[in-house]
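K.L.:
Chain by chain, the residues:
2 protein chains.
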Amino acid sequence: MSKSGSEPAPTKELVTAYLKEVKTKVDACIFDFLPDTHEQQDVHQLYQMMLDYPRREGKGLRPALCLLICEAFGGDAERAVNTAAALELLQNWLLIHDDIEDGSELRRGEPCLHQKHGIPMAINVGDALHCKMWEMLHRNTKILGHNLAFQILSEFIQLSNQVVEGQHIELSWVRNNQWNLNEKDYWTMCIQKTAWYTCITPCRVGAIIGGASTEEADAFIEIGKSLGIAFQIQDDVLNLIGDVGRYGKEIAGDISEGKRTLVLIHLFNSCTPPEAQYVIDIMAQPRADKTEADVLGVLKLMEKYNSIQYAQKCSKTLLKEAAEHFTQKFDHLPNNQAKHLFLSLINFFVEREY
Amino acid sequence: MSKSGSEPAPTKELVTAYLKEVKTKVDACIFDFLPDTHEQQDVHQLYQMMLDYPRREGKGLRPALCLLICEAFGGDAERAVNTAAALELLQNWLLIHDDIEDGSELRRGEPCLHQKHGIPMAINVGDALHCKMWEMLHRNTKILGHNLAFQILSEFIQLSNQVVEGQHIELSWVRNNQWNLNEKDYWTMCIQKTAWYTCITPCRVGAIIGGASTEEADAFIEIGKSLGIAFQIQDDVLNLIGDVGRYGKEIAGDISEGKRTLVLIHLFNSCTPPEAQYVIDIMAQPRADKTEADVLGVLKLMEKYNSIQYAQKCSKTLLKEAAEHFTQKFDHLPNNQAKHLFLSLINFFVEREY
Numbered sequence: 001m002s003k004s005g006s007e008p009a010p011t012k013e014l015v016t017a018y019l020k021e022v023k024t025k026v027d028a029c030i031f032d033f034l035p036d037t038h039e040q041q042d043v044h045q046l047y048q049m050m051l052d053y054p055r056r057e058g059k060g061l062r063p064a065l066c067l068l069i070c071e072a073f074g075g076d077a078e079r080a081v082n083t084a085a086a087l088e089l090l091q092n093w094l095l096i097h098d099d100i101e102d103g104s105e106l107r108r109g110e111p112c113l114h115q116k117h118g119i120p121m122a123i124n125v126g127d128a129l130h131c132k133m134w135e136m137l138h139r140n141t142k143i144l145g146h147n148l149a150f151q152i153l154s155e156f157i158q159l160s161n162q163v164v165e166g167q168h169i170e171l172s173w174v175r176n177n178q179w180n181l182n183e184k185d186y187w188t189m190c191i192q193k194t195a196w197y198t199c200i201t202p203c204r205v206g207a208i209i210g211g212a213s214t215e216e217a218d219a220f221i222e223i224g225k226s227l228g229i230a231f232q233i234q235d236d237v238l239n240l241i242g243d244v245g246r247y248g249k250e251i252a253g254d255i256s257e258g259k260r261t262l263v264l265i266h267l268f269n270s271c272t273p274p275e276a277q278y279v280i281d282i283m284a285q286p287r288a289d290k291t292e293a294d295v296l297g298v299l300k301l302m303e304k305y306n307s308i309q310y311a312q313k314c315s316k317t318l319l320k321e322a323a324e325h326f327t328q329k330f331d332h333l334p335n336n337q338a339k340h341l342f343l344s345l346i347n348f349f350v351e352r353e354y
Numbered sequence: 001m002s003k004s005g006s007e008p009a010p011t012k013e014l015v016t017a018y019l020k021e022v023k024t025k026v027d028a029c030i031f032d033f034l035p036d037t038h039e040q041q042d043v044h045q046l047y048q049m050m051l052d053y054p055r056r057e058g059k060g061l062r063p064a065l066c067l068l069i070c071e072a073f074g075g076d077a078e079r080a081v082n083t084a085a086a087l088e089l090l091q092n093w094l095l096i097h098d099d100i101e102d103g104s105e106l107r108r109g110e111p112c113l114h115q116k117h118g119i120p121m122a123i124n125v126g127d128a129l130h131c132k133m134w135e136m137l138h139r140n141t142k143i144l145g146h147n148l149a150f151q152i153l154s155e156f157i158q159l160s161n162q163v164v165e166g167q168h169i170e171l172s173w174v175r176n177n178q179w180n181l182n183e184k185d186y187w188t189m190c191i192q193k194t195a196w197y198t199c200i201t202p203c204r205v206g207a208i209i210g211g212a213s214t215e216e217a218d219a220f221i222e223i224g225k226s227l228g229i230a231f232q233i234q235d236d237v238l239n240l241i242g243d244v245g246r247y248g249k250e251i252a253g254d255i256s257e258g259k260r261t262l263v264l265i266h267l268f269n270s271c272t273p274p275e276a277q278y279v280i281d282i283m284a285q286p287r288a289d290k291t292e293a294d295v296l297g298v299l300k301l302m303e304k305y306n307s308i309q310y311a312q313k314c315s316k317t318l319l320k321e322a323a324e325h326f327t328q329k330f331d332h333l334p335n336n337q338a339k340h341l342f343l344s345l346i347n348f349f350v351e352r353e354y
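Line order of the protein sequences matches chains A and B.
Each residue of the first sequence is one higher than the one before, starting from 1 at the first, in this note's numbering.
Each residue of the second sequence is one higher than the one before, starting from 1 at the first, in this note's numbering.
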């Protein structure tokens, strides 16, 4: 589908190759940085647990955004690798804690960390990786100098504040058994919980390292919001209709976990009151009490009202907005190759199947 | 008791007054820094949860160590207040996560955060405070300049690595149902889990801000180890024989939680094999299955073998070592008032009743 666009974008294969190239670089940085052996057996075990999620197959989208935008501004992507690796560490500690908070079962095709080692250890492993993220950012002094390193730290601080707020909003909905949500509620949560760390900050730090002005870096707030929501919607869709082997999480796990998604909000806005009550009764049950038939019942209603298609359409519209905004705003940027790759990469955000 | 020492130390009242003075300053810094209102109700609730532990009555020992040592080196304690406040934020996010990991019930006289709001939210509140700690340290640039601010960040990174390792060691013992521990195992865990963040780093950052040399700051590693273990042992003792109103946790909660303490290790080294088996059978049970009689049974054996007295003796010896080491090493320091107050303060570490 991406081939039919009017943009002179490289093919999907180029994006895949680029993602792979970035992943190799960033992984090397991470595995060189994280400790992996210790003479004391307990501590050795902690180090292995810290390596567990980073070793699982991730897509490396955030580092790719960071490096591409750095290059688009004419910067040396090598100088941004350490920061891109910190984005991956962020993602990993967030996922460990998020998986506990949501009571998830699978992550990247394997049992979640707390399923393997219990909640207490998993909380601590997440904390350990969280600390390592700041350590990695501290290393930027040597790579970028004091001023720039401090600026990047600021960006991560801003991002952290956003992500814990977004997370709290979502957890509140679960705890308060709140279902009367509108699309605006979803956007707000989604921007804070997902868009900041998935799109806004990766682009901003890439831009800053690449030499962008404050005003240029700020443009990525709006671009990243659209892109981040588009990404999250596609994630919600894949959760419902994806292939477990590629997607790596249990299919329809969001229904089991009672997650509020755009698909669900559309369903509530479309179905009859008795149907809505039926859905709420199922969604609000504890995970363990839900049967396969319950989950299928909700899925069927989502199909009946075309809620999944609606979400996919929204995702595509948001992506288009982000791409147009980027193209318009950064017409003057020197590196066309990186710019075009960026546009192809963000297409992948909504066309991906995993 | 402290009055009988040969040191010309100020009285206990002076220590209490000093702790209060520091707490006022550091609390002002924290409550000025942490957000407390937000127009969005969910986020407002998160902010209130983040303020919960900081608002509970803590002793403020770590900030006091930091400011006193800064002054002892002739530094301006006002420049160290922000860093001292970061030590308090550290303590608070650690406690929130630690309380979940240990399945604790009370903290500073009130139900633990996860008892009030559930584990998912409490994990996230801990993360939110953790992020705020780094933000607070980032502010040091304006107070201390880039170089010193980065040095203090380094200290917190080193400390964080220690504390998650120590925590993992302790959690491993629980998860592996491991009871054949010796005193050395306990020291190792205790140094990493407690001594670094309670004593070593507070003294080190105070010294660094006060202008100490690297060699002088390094001396606080050994001093802080002794002091930190002494502190932890007293904590273990108070947990068994303290007054719940003053101590703020459930009495003998460590037995309910199956904690490995020096008292327990001494008991295992002293009692008969059947008694040891009796103790293990009780300690290894899930908390909910333990009766009051079980807990009392273990307590009685600890009394029978003078295990609590043994631990108290150890704590006093360690304190004496720390005080001697400090006096000997820092004979040349200018600020005698701060030095003497430091010696009185560390006496309080083992003489405190809360």
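There could be a bad hint or two in this list.
One copy or any two copies: either way a pair holds, since identical chains are not told apart in the list.
Said to hold, decoys possible - Subject to a maximum C-alpha distance of 20 Å in a straight line, what follows is the list of computed EDC-like cross-link-like pairs (lysine to aspartate or glutamate):
| no. | residue 1 | residue 2 |
| --- | --- | --- |
| 1 | K184 | D42 |
| 2 | K304 | E292 |
| 3 | K320 | D42 |
| 4 | K259 | D235 |
| 5 | K329 | D243 |
| 6 | K184 | E39 |
| 7 | K142 | E275 |
| 8 | K304 | E250 |
| 9 | K320 | D27 |
| 10 | K59 | D218 |
| 11 | K142 | E155 |
For the record, the hints were derived by calculation from the structure and aren't laboratory data.
These figures come from a predicted structure and were not determined experimentally.
K.L.:
Next step is simple, just say for each hint if it's right about the structure.
P.N.:
Hints, verified against the model:
{"no.": "1", "hint": "K184 to D42", "verdict": "between (47 Å within a copy, 14 Å between copies)"}
{"no.": "2", "hint": "K304 to E292", "verdict": "within (18 Å within a copy, 57 Å between copies)"}
{"no.": "3", "hint": "K320 to D42", "verdict": "neither (50 Å within a copy, 31 Å between copies)"}
{"no.": "4", "hint": "K259 to D235", "verdict": "within (12 Å within a copy, 42 Å between copies)"}
{"no.": "5", "hint": "K329 to D243", "verdict": "neither (37 Å within a copy, 66 Å between copies)"}
{"no.": "6", "hint": "K184 to E39", "verdict": "between (52 Å within a copy, 15 Å between copies)"}
{"no.": "7", "hint": "K142 to E275", "verdict": "neither (59 Å within a copy, 58 Å between copies)"}
{"no.": "8", "hint": "K304 to E250", "verdict": "neither (22 Å within a copy, 55 Å between copies)"}
{"no.": "9", "hint": "K320 to D27", "verdict": "neither (31 Å within a copy, 49 Å between copies)"}
{"no.": "10", "hint": "K59 to D218", "verdict": "neither (26 Å within a copy, 43 Å between copies)"}
{"no.": "11", "hint": "K142 to E155", "verdict": "both (18 Å within a copy, 17 Å between copies)"}
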